[in-house]
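All chains, full assembly: derive it from the sequences and hints.
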Amino acid sequence: MKKAYKILPVYTGDVSGFASALYELGGMLVIHDPSGCNSTYNTHDEVRWYKQEALIYISGLNDIDAITGNDDKFISDIVRAAEDMKPKFIALANSPLPYLNGTDFKGISKIIEDRTGLPCFYVQTNAMHDYTMGASKAFLAFAKKMLVHSDKKTKGGINILGSTPLDHTNTKFVIPEGRTLVSNWAYDSSLDEVLNAPSAELNLVVSSTGLAAAEYMKDAFDIPYELLGDYFNVKRERSRNYIVGEPVISGFTAAQIKERYGTDFNVIATTEITDGLLSDCDRKCHGEDEIRDALSDAEVIIGDPLFELISPKSAKFIRLPHFAMSGRLYRKEIPDLMRLEDYYNEP
Amino acid sequence: MQTTENDKIRIADASFPKPFTGGLEFNAPAHGTWNIVHIGFKIPKAHQIYICADNCMRGVVMTAAEMGELSRFSSVILEEDDMVFAGRLEESTIEGVTDVLNSLPEVPPVVIVFPVCVHKFMGCDINFIYDELGKRFPSVKFVRGFMDPVMQKRGTTPDQRLRKAMFDIIPEGEKDGSVTVIGCDMPLGKNKDNDIRILLERQGVNIRDEADCKTLEEYYDLGKCSSVICSYPAGVLGTKAFCSRIGRPFVYMPFTFGYDEIDEALGQIGAVPVFNGRVSCDRTAAGLKTLLADTEIAIDYTAVPRPLSLARFLISHGFNLKRIYLDAIDPDEKEDFDWLVSNAPDVMLCATMHVKGRRPVRSESDRKILAVGQKAAWFEGTEYFVNMIEGGGLYGYAGIKAFLKLMEDAFIVPKDTEDIIPRKGLGCACVL
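Sequences listed follow chains E and C, in order. For what it's worth, numbering that gives the first Met the number 0 labels the leading residue of the first sequence as 0, then goes sequentially. For what it's worth, numbering that gives the first Met the number 0 labels the leading residue of the second sequence as 0, then goes sequentially.
Treat the hints with care, since some could be wrong.
Ranges between beta-carbon positions, derived for each pair [stated by the list, open to error]:
| # | chain 1 | residue 1 | chain 2 | residue 2 | range |
| --- | --- | --- | --- | --- | --- |
| 1 | E | I63 | C | E4 | 16 to 26 Å |
| 2 | E | D335 | C | G67 | 25 to 35 Å |
| 3 | C | I125 | E | K105 | 30 to 40 Å |
| 4 | E | E82 | C | R153 | 20 to 30 Å |
| 5 | E | E52 | C | T20 | 16 to 26 Å |
| 6 | E | H285 | C | T155 | 32 to 42 Å |
| 7 | E | I110 | C | P330 | 35 to 45 Å |
35 Å max Cα-Cα, derived DSBU-like pairs, lysine-lysine [as the list claims (entries may be wrong)]:
| # | chain 1 | residue 1 | chain 2 | residue 2 |
| --- | --- | --- | --- | --- |
| 8 | C | K119 | E | K109 |
| 9 | C | K355 | E | K85 |
| 10 | E | K87 | C | K152 |
| 11 | E | K143 | E | K105 |
| 12 | C | K367 | E | K331 |
| 13 | E | K331 | C | K41 |
| 14 | C | K414 | E | K171 |
| 15 | C | K17 | E | K50 |
| 16 | C | K367 | E | K50 |
| 17 | E | K85 | C | K7 |
| 18 | E | K72 | C | K119 |
| 19 | E | K312 | C | K44 |
| 20 | E | K72 | C | K17 |
| 21 | E | K50 | C | K152 |
| 22 | E | K331 | C | K355 |
| 23 | C | K44 | E | K331 |
A partial selection of chain C residues facing chain E, derived with a Cβ cut-off under 7 Å [stated by the list, open to error]:
| # | residue |
| --- | --- |
| 24 | N26 |
| 25 | H30 |
| 26 | A52 |
By construction, these hints were calculated from the structure, which means they are not laboratory data. We treat Cβ as the ideally placed atom computed from N, Cα and C, and that holds for glycine.
Structure (structure tokens):
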């Protein structure tokens with residue numbers, strides 16, 4: 000049964016993806032949820048919470064307000080909190096109950112904008128998808144709401160799109176010679192830097208969470224984009240060696256291994272956004288049973304250590320911890336993904 | 000008196016039992032308290048199955064993962080189509096649980112099933128689900144958990160109801176003269192720091208502790224007692240139902256710092272008064288006061304079940320208690336609240352969930368602050384703190400003296416706060 004996970008955890012959810020994407024941008028992020036979303040997020044899905052400020056809150060929705068569709072408390076609580084905390088913008092996220100009762104988040108956003116004078120936008124989560132969906136929608140919604148066209152271009156300017164600690168916990172991107180980093184969406188970049196993104200000449204998509212914003216900026220600001228390592232330029236053949244995980248990072252890793260060692264790895268994409276990101280030899284899997292079946296003939300597997308729980312004993316397993324899967328369990332082992340030699344070697 | 004919209008208030012100006020106006024909620028990075036996953040694993044051999052959406056699932060499954068208990072935990076993921084078609088939610092729940100149980104190496108004797116808020120809002124037929132699961136798996140005892148925090152603001156919390164559901168499977172046994180201690184997650188202290196244990200064992204009474212059952216048989220034997228002690232507020236709901244069902248008396252004995260309350264409670268379980276208890280505690284407190292001098296102290300509600308009782312004790316023994324971190328006050332603490340209003344009106348009540356909690360105002364001086372509890376430690380930004388939840392298994396005069404010793408140790412030896420307090424479930428196994 001697709002919906003049953005006998006032993007594997009689920010990936011970080013979409014609400015946490017939303018929060019992770021916008022964490023450093025100075026906004027107030029409000030999850031309309033009774034309880035638990037914030038605790039789950041800051042415990043298991045966020046490495047910055049202890050030391051680095053971010054205004055991320057839940058609404059504390061109760062049963063009566065949910066049943067009667069009373070949005071007044073939600074709105075007035077946000078307005079009061081904005082007066083106290085002075086955010087740069089406000090972003091709202093949804094959870095199962097407001098999703099079920101059809102809460103009008105766009106209307107609420109408009110009211111909040113009127114009452115606070117701050118930009119306010121809705122990110123369409125419902126807690127039923129993985130982090131890639133939440134982060135992707137958050138980046139896109141932010142871009143649509145906050146970016147304005149720039150006539151001034153940064154020569155060789157580049158934006159990194161799709162960089163959060165969920166995928167790139169310890170990754171240090173090296174900017175190619177002749178290029179200048181304009182903004183990193185959104186890890187170690189300020190709001191001002193991110194708002195300057197339309198001045199860039201190129202967007203580099205480093206995970207599937209950055210793809211939607213890249214496509215938007217291509218249409219809106221005529222900024223082309225490339226995938227990390229331009230990995231489609233490296234042709235790979237079918238193989239019984241698999242990389243399990245997020246498709247852009249896995250595709251990039253597979254391409255690096257092919258280039259360096261000539262070995263073919265196929266991607267088993269286990270996160271939700273895959274359109275246009277997989278080669279013919281790759282496949283998408285959803286749920287524990289599908290992943291287990293896909294791995295059943297594996298000779299070598301690269302993936303988060305938790306995938307070893309459903310891997311055939313005969314396969315060689317190479318650990319590549321992924322924070323959005325195993326959270327804090329193997330955090331100290333998470334490598335810099337730009338340094339293949341730190342996690343994959345062949346004689 | 001009105002609740003305050005601010006994040007802190009003088010106790011003399013605070014409304015009882017709810018000092019603070021509700022609003023958006025902050026969550027401090029202190030996670031030593033137990034959640035429903037930790038609590039559920041107190042039943043030996045129990046398997047837990049949650050039926051919920053991805054984002055809700057993440058918190059509970061990673062709790063199990065960090066305990067090293069993924070083999071006793073499974074998930075059934077709800078998706079949009081489960082909420083569109085009539086009957087789909089029941090079907091997904093039943094078939095998902097069935098699929099999980101059929102795939103396990105052996106069917107567990109106890110399975111705790113956790114439906115969620117969505118099941119309630121969709122009008123899901125919970126009884127039908129359990130009837131069907133009971134038919135499919137007649138050897139399994141199903142514990143009716145619920146992860147529905149949307150109900151907790153006006154009613155009981157999921158963990159209160161889980162404790163009750165867990166007690167519901169304990170059979171009534173023949174009375175054997177023992178005492179069962181139930182409802183708290185911290186095992187009853189064993190090192191001469193709990194007067195319940197000391198006094199009952201001195202009388203030859205066998206104690207069964209729900210928090211310390213190693214086998215399922217031991218867990219089921221909790222029903223063989225002659226009387227019951229509940230030592231934690233969240234356990235009272237379940238204890239009442241349990242005792243009513245099996246026809247046993249119970250005494251509620253949370254870890255308090257009030258001497259009269261201790262004597263009265265010990266009297267109710269037939270224990271003889273503790274010789275020199277008060278004098279001994281007063282002497283220990285005086286010694287600690289000499290060491291601490293005017294050191295500022297902050298306490299929080301997660302450390303002990305009766306924080307205002309602790310506050311009163313500290314104030315009345317001359318300690319420099321400044322702040323109490325809590326979001327609401329247990330109505331049982333009214334007498335201590337009134338005493339503090341009269342005798343320590345400037346003590347501040349500080350909310351832990353208020354939006355301003357994200358920017359705690361910490362002292363910029365180098366002076367040492369002693370905290371009791373993980374939340375107080377984080378808000379105060381101190382590495383000198385008592386790392387305790389739920390009273391730590393302490394009780395009585397022996398418990399108070401042990402607690403004062405922990406304060407002394409905390410004052411002398413700093414802790415790595417950033418490493419310790421984000422870990423979940425203090426006292427549980429942790430693979431981090």
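Hint-by-hint comparison with the structure:
no.	hint	in the structure
1	I63(E) x E4(C): 16 to 26 Å	holds, 21 Å
2	D335(E) x G67(C): 25 to 35 Å	holds, 28 Å
3	I125(C) x K105(E): 30 to 40 Å	holds, 34 Å
4	E82(E) x R153(C): 20 to 30 Å	holds, 27 Å
5	E52(E) x T20(C): 16 to 26 Å	holds, 23 Å
6	H285(E) x T155(C): 32 to 42 Å	holds, 36 Å
7	I110(E) x P330(C): 35 to 45 Å	holds, 37 Å
8	K119(C) x K109(E)	holds, 31 Å
9	K355(C) x K85(E)	holds, 11 Å
10	K87(E) x K152(C)	holds, 31 Å
11	K143(E) x K105(E)	holds, 14 Å
12	K367(C) x K331(E)	holds, 31 Å
13	K331(E) x K41(C)	holds, 30 Å
14	K414(C) x K171(E)	holds, 32 Å
15	K17(C) x K50(E)	holds, 30 Å
16	K367(C) x K50(E)	holds, 20 Å
17	K85(E) x K7(C)	holds, 19 Å
18	K72(E) x K119(C)	holds, 22 Å
19	K312(E) x K44(C)	holds, 26 Å
20	K72(E) x K17(C)	holds, 18 Å
21	K50(E) x K152(C)	holds, 30 Å
22	K331(E) x K355(C)	holds, 31 Å
23	K44(C) x K331(E)	holds, 31 Å
24	N26	holds, 4 Å
25	H30	holds, 5 Å
26	A52	holds, 4 Å
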